[in-house]
Amino acid sequence: MLSREDNDLLCLTRAGSTMGSLMRRYWIPFLLSSELPNADSDPLRTTLLGESLVAFRDTNGAVGLIQNNCPHRGASLFFGRNEEAGIRCVYHGWKFDVDGTCVDMPNEPAESDFKHKVRAVAYPCRERGGIVWAYMGAPESMPEMPDLEWALVPDSHRLVSKRLQETNYAQAMEGGIDSSHVSFLHNDTTRGRRTDTNSGRYLRLDGAPKFEVVDTSYGFVIGARRLAEEDAYYWRITQWLFPFFQMIPPFGDGPISGHAWVPIDDEHCWTFSMTWHPRRPLTEAEVIFIEDGNSVHALKIPGTFRPVRNATNDYMIDRELQRSKRSFTGITGISEQDTAVQESMGPIYDRTQERLGAADAAIIQMRRRLMRAATELSQGIEPPALDPKVFRVRSVSMLLPRTVAAWPEAAREAMTAEPDRFFVSVA
Amino acid sequence: MLSREDNDLLCLTRAGSTMGSLMRRYWIPFLLSSELPNADSDPLRTTLLGESLVAFRDTNGAVGLIQNNCPHRGASLFFGRNEEAGIRCVYHGWKFDVDGTCVDMPNEPAESDFKHKVRAVAYPCRERGGIVWAYMGAPESMPEMPDLEWALVPDSHRLVSKRLQETNYAQAMEGGIDSSHVSFLHNDTTRGRRTDTNSGRYLRLDGAPKFEVVDTSYGFVIGARRLAEEDAYYWRITQWLFPFFQMIPPFGDGPISGHAWVPIDDEHCWTFSMTWHPRRPLTEAEVIFIEDGNSVHALKIPGTFRPVRNATNDYMIDRELQRSKRSFTGITGISEQDTAVQESMGPIYDRTQERLGAADAAIIQMRRRLMRAATELSQGIEPPALDPKVFRVRSVSMLLPRTVAAWPEAAREAMTAEPDRFFVSVA
Amino acid sequence: MLSREDNDLLCLTRAGSTMGSLMRRYWIPFLLSSELPNADSDPLRTTLLGESLVAFRDTNGAVGLIQNNCPHRGASLFFGRNEEAGIRCVYHGWKFDVDGTCVDMPNEPAESDFKHKVRAVAYPCRERGGIVWAYMGAPESMPEMPDLEWALVPDSHRLVSKRLQETNYAQAMEGGIDSSHVSFLHNDTTRGRRTDTNSGRYLRLDGAPKFEVVDTSYGFVIGARRLAEEDAYYWRITQWLFPFFQMIPPFGDGPISGHAWVPIDDEHCWTFSMTWHPRRPLTEAEVIFIEDGNSVHALKIPGTFRPVRNATNDYMIDRELQRSKRSFTGITGISEQDTAVQESMGPIYDRTQERLGAADAAIIQMRRRLMRAATELSQGIEPPALDPKVFRVRSVSMLLPRTVAAWPEAAREAMTAEPDRFFVSVA
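Protein chains in written order, with this note's numbering: chain A, 10 to 436; chain B, 10 to 436; chain C, 10 to 436.
This list has only true hints and no planted wrong ones.
It does not matter which identical chain is meant; a pair holds if it fits inside one copy or across any two.
Below 30 Å or equal to it, Euclidean Cα-Cα: the simulated DSSO-like pairs (lysine-lysine) are:
| id | residue 1 | residue 2 |
| --- | --- | --- |
| 1 | K219 | K126 |
| 2 | K334 | K104 |
| 3 | K124 | K334 |
| 4 | K104 | K124 |
| 5 | K219 | K104 |
| 6 | K126 | K334 |
| 7 | K171 | K309 |
If you are wondering where the hints come from, they were derived from the structure by calculation, not from laboratory data.
Work out the full structure, taking the sequences as your base and the hints as a guide.
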């Protein structure tokens, strides 16, 4: 349960907000690179941390992220001409480059030209892992980009998608790091195709795992311990990384998955989903499985980032399927199941009403870490996880003898993300 | 005319409001029983007095009305599994019975289970007259259900329907007890098919009846006196009953009608319409007439409670029909005519602007009674009409000699609702 | 740049607002006469300066503009019967004439009739120039209607249209008097069909004209000076007239155009466009050109005043056309180009963010004049331009020797609107 003040502290990310100031100290993924397919392609409207912005790829291939309203009289630069290394407002022809410099002011007579006095708000952008990232903080505080493995493997090893979620980012992220819901909300995935696997068996067997959360330099690691074999526990080990990343253990030597929950505004977020393999290209079967909407990647309405199954159609819930017990929810798709419950909480859940238990340990810890870091930053203390190397981790699952208490130590090697290393999780 | 404060007092019914506290002392109809057709049928989202709720019929056939957001982390129980005598949240499997007791908490390890500490808000429900009723007040104050005749006759004697109205409940109710509008708004019904009847003749003859309002134990009774025969008046006698019921006189020995206006939230209400005969089943002709949308029962968009003729299509007003004078409004349907004018006042009419006259006596009295009862309750005085027996009344119309002043006394017998008694109104 | 207070002062026109009080001292165009095609035709809902109103043409052909909500109990008079020289509420039959007098109250018994005590808010209306105008101020302050030439020429000499714009009126008007945008936003009109004309050549040649603004009795006149011939400047001379009118120079002896931007509410306005010739009927070619949506008159969705190209379809921007440089915007239509940039600023642009230059001189002066007049009126000083004769002006373009500084003096004759006078502008 949070006080109303803490709920606001956690959720609100607009310019000037405490949490927004923390977010602005990290690189933020916000577009698929393919949304700006080539030099001088069409500008895009986008909102990020509550700011209305226009993204464009200039003649040199560089991505600009600039204020939506032209600094002159406020016409949207979305309608602008993207040409000759800058975006030109169609109202009076003022032109800005990716740095926000006003490089032309053709409607003013030479003697009254004041372009050197005008700058547009512009945020530096970089591309990595098929994604465009922005840095919205003070230039002097810009960190290196995080060494997240999915962003660094060759393109063939990775599939990234993005979908619009109509909730605050924190609500989506809480769902992502909430390990205990898997046996319920997603029971069809454990019941169904993995019925003959060890992991499937363990997940069904023990719906009330014990959770342990251990702080790390990048955030924390969650161990979910389930009864497995006579003298062994089944550990599913998941990372949460500042400020909104997460990794999910693979099955056997399959690909790893992860997410990023990026605040669009206080009531919407982008859910980025990544599936990658550290050592090999994804197989055609793996890609088809994902593109069919059977995984953490949602099936979207073509040409949009809006899921086909969404609030307007009650996520296409099939009450007969739900009654059959083959699916706990009657809703098809892991992502869709998550979105249904998360969006049904309302756009910003009122956490003064909740009743958390031991199973919510990771959620409690994530809030603590974020709120503490945000509050400390407002007191002048630098945020955690600015060193890119701390992000070199992987999620895993493993069997450990029941006698092993120090699981983070036992899993350290397996969790290290190095190209020449690969630990095979429980199949 | 009301002050702004009194307008709020009359209209606002959210938890904690003065009028809302009064409403919460009565049984409130909110669903047709057929909306929850059988045991373990699909849950329904519903809002009542501004509270977001989920209704479900459990395995034993009992109806539950429970808070929308799961007490754990707020997922909507609408997506819940309705099974084995309770509703189970799909997020983590917490289960609640119709009393709001948490009967299972499967995601917590046994040692941290705290289900005995968790309760969902749940309101007792009962079924009577084809309708589900809820009691939303303190358990120790729960009254018996009101002995409204329509709710007690056999199912074959009654037809009940419900429609969504996009106004505050008070505005809808004021239209219902406003006798003087009949000769204008509904002139096509008096002009048309009843042109050869006495009542039709009297209604057309005298568009400006005299109204008298007399307080009773259940609310009040309205006498509308029209010129009729040389030495007789035509009296139409209508009841208003706490907190939002009304009854309309029949024609001859035909069925009686009535309404209930139930606050959904401050800007929406359910208009329940009832047509019943105290002594016999409704005839097929009477049912067809109603189902064709020719009566106080609106024609709805199939599968919804939204009228076909609604604000988005200007109630399908036919200006040529309106010019022809066959219809004062050009709008087809009694219910649709009422809704058109009531919704056109805006969701909560600003009663500081109105100009009431003698013809509005019933409206003035209804407001007084409701506001007084609500204010007195806030001072610790018990509300009126908690005794179910006071609701045993019927509306009637009758001819009385012009010399009779004490019409409530003269009509007392005719207004008494007893199974073995039936007064034939003016045809 | 305006302070937040001045932005509100400029933009807000509701009853009681400072600017709204100024607007209420002038005649305000709000309907095309054709919207009320004949006596007793269908009533229309309309909003003007934030007030909800119903317009109707009575049996005598007079136009009434009356409060939307019936003074009795608030039913919308839109549903009213328009009959026998008045509009009659369908709820209880109260009837009002165009002056707002209650002429019938049929639901009250004769002894309690109080119609002489009831008045509806009603604003006097007049028709001129194919348009219905309202006066919403105090009766004792009503001025004569302004002698705008387009409103006084024979109907055959004029074409008037109206479109809905989803911005504050001031934003639309600023776009209309903003001379420097023509060479950019509307470059396709200067590039295209007038490529062989002198004016087209001058407009392309000099994208950064010098502006001079000179106050007049009706508002001000704007001179835009462009390089033209060796010893001559090309002057385009445009008027801004209290409180929201404007005139655009013709080409050669072609028709003149103008606009009025009328506040519907704070976030919407009517843009009226007028094209007229002082001396002759418009030719068929001129009318077809306008009706095809190629001019300042927008192409509307049939039966509505909403442009076909609007915000919901990004004004049908064609990015390939925009890349081709044949069109700066990729948007077709002068009106549509204007609307795209103006609406993209948001419904009420936050002028604390803008950066004005020398090219914005007319905009700055318009704001000053309006804000000063509004503020002075609140101090008891009478507004400017109440004398109808001051509106007898025309816009022109002309070549003047570079040595002429006193252009308003040089153009005085050409700008005078008298039936027997006609100055031929630059072709």
